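Make the full structure from the sequences, and use the hints.
In terms of our numbering, the sequence shown is residues 1 to 326.
FYI, nobody ran anything at the bench for these hints, they're computed from the structure.
Hints are not guaranteed to be accurate.
[To be verified] Using C-beta positions, here's what the derived DEER-type ranges look like:
(1) V320 / E286: 50 to 58 Å
(2) L111 / P217: 34 to 42 Å
(3) L265 / R226: 56 to 64 Å
(4) E273 / L111: 51 to 59 Å
(5) N268 / E17: 39 to 47 Å
The model shown is predicted, which means the values in this text are computed figures rather than measured ones.
Glycine is no exception: its CB is placed at the ideal position from the N, C-alpha and C atoms.
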Amino acid sequence: MDLQQAADELFALTPTEFTPARNELAKQLKAEDRELSERVKALRKPAAAAWVVNMLVRHDAAEMTQVLDLGESLRQAQADLDGDALRELNKQRRRLIAAVAGKGRGVALELGQKVSESVMRQVEEILHAAMIDTDAAAAVRTGLLVEPLSATGVGTIKAATAVADHTALGGRGPTLAPAAKRSGGGAGRGGGAGKAAGAGTGSGGTGRLRSVPEPDPEERRREERRRAREAALRAVREAEETLAEAQEELASRERKVSDLQARTLQVNGELDELRRRIDELEDRLERLDAKAEDAAEAREEAAGGVAAAEAELADARARVEELGGD
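Dropping the structure here:
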């Protein structure tokens, strides 16, 4: 197993399954490959919105292909400065994002996960980012997103940091084939996503829409604060998970200590009972020894009496013999 395979396995799980499975896999790998074990341990659990998009890549590849197809068309229209095409494609973009995000919620529910409205807005932001930026599209294709992506204006979207240890994966290709290389509608739900050799940069170059206005400074600051808060909340969630794991481990250790203490008390009780029994037997032995000594003395006295009686009998017989001779 390499890091790519480990990440693919872990990122196919639900958020509640991720951390225990990651820790168990890292533990199993530790004896064979400590470095790989540490890299697996370092894989971050995806945020809720990132997880929904990862599930879309795996379970609704056809829907995600439509998103990325439309993104390429948008970037091409932008490069061609085709205003009419841009207007029509932007209408399609809004409809498609809403539809695919809804599919994502359905996939999440099928997997037993409820999705809040705030998470759904983040899902839509990720899909939007994947449409207008080739780096974001490549990140989405991996199916290994760990945090949301968003496009707030002109500039590079730092998608690499939103993917699970992507540099450590050796630059492997994404899990969703680029639209230009797909001949059909893609795999259906449950079929997963195919693997491609490249990141699928598409025809849009940098993926920046020149018609997008420079964001308002105050809006940028609000967005930065929002992202910082989301990052802090993710850190809190991860810390809470770590704390919960530590508390569970502590509770397990405490139960073991309690069991051992109870066993110790039981053995001590058994030992006390044995000591009491030994004391009783020693007392009984002393009494028996005393009786044995008394019996021995009585036996000696009886033996002396027997000897005296025998001597007296012998004397009597001798006397009889003497008298009988006359």
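List of violated hint numbers, smallest to largest
none
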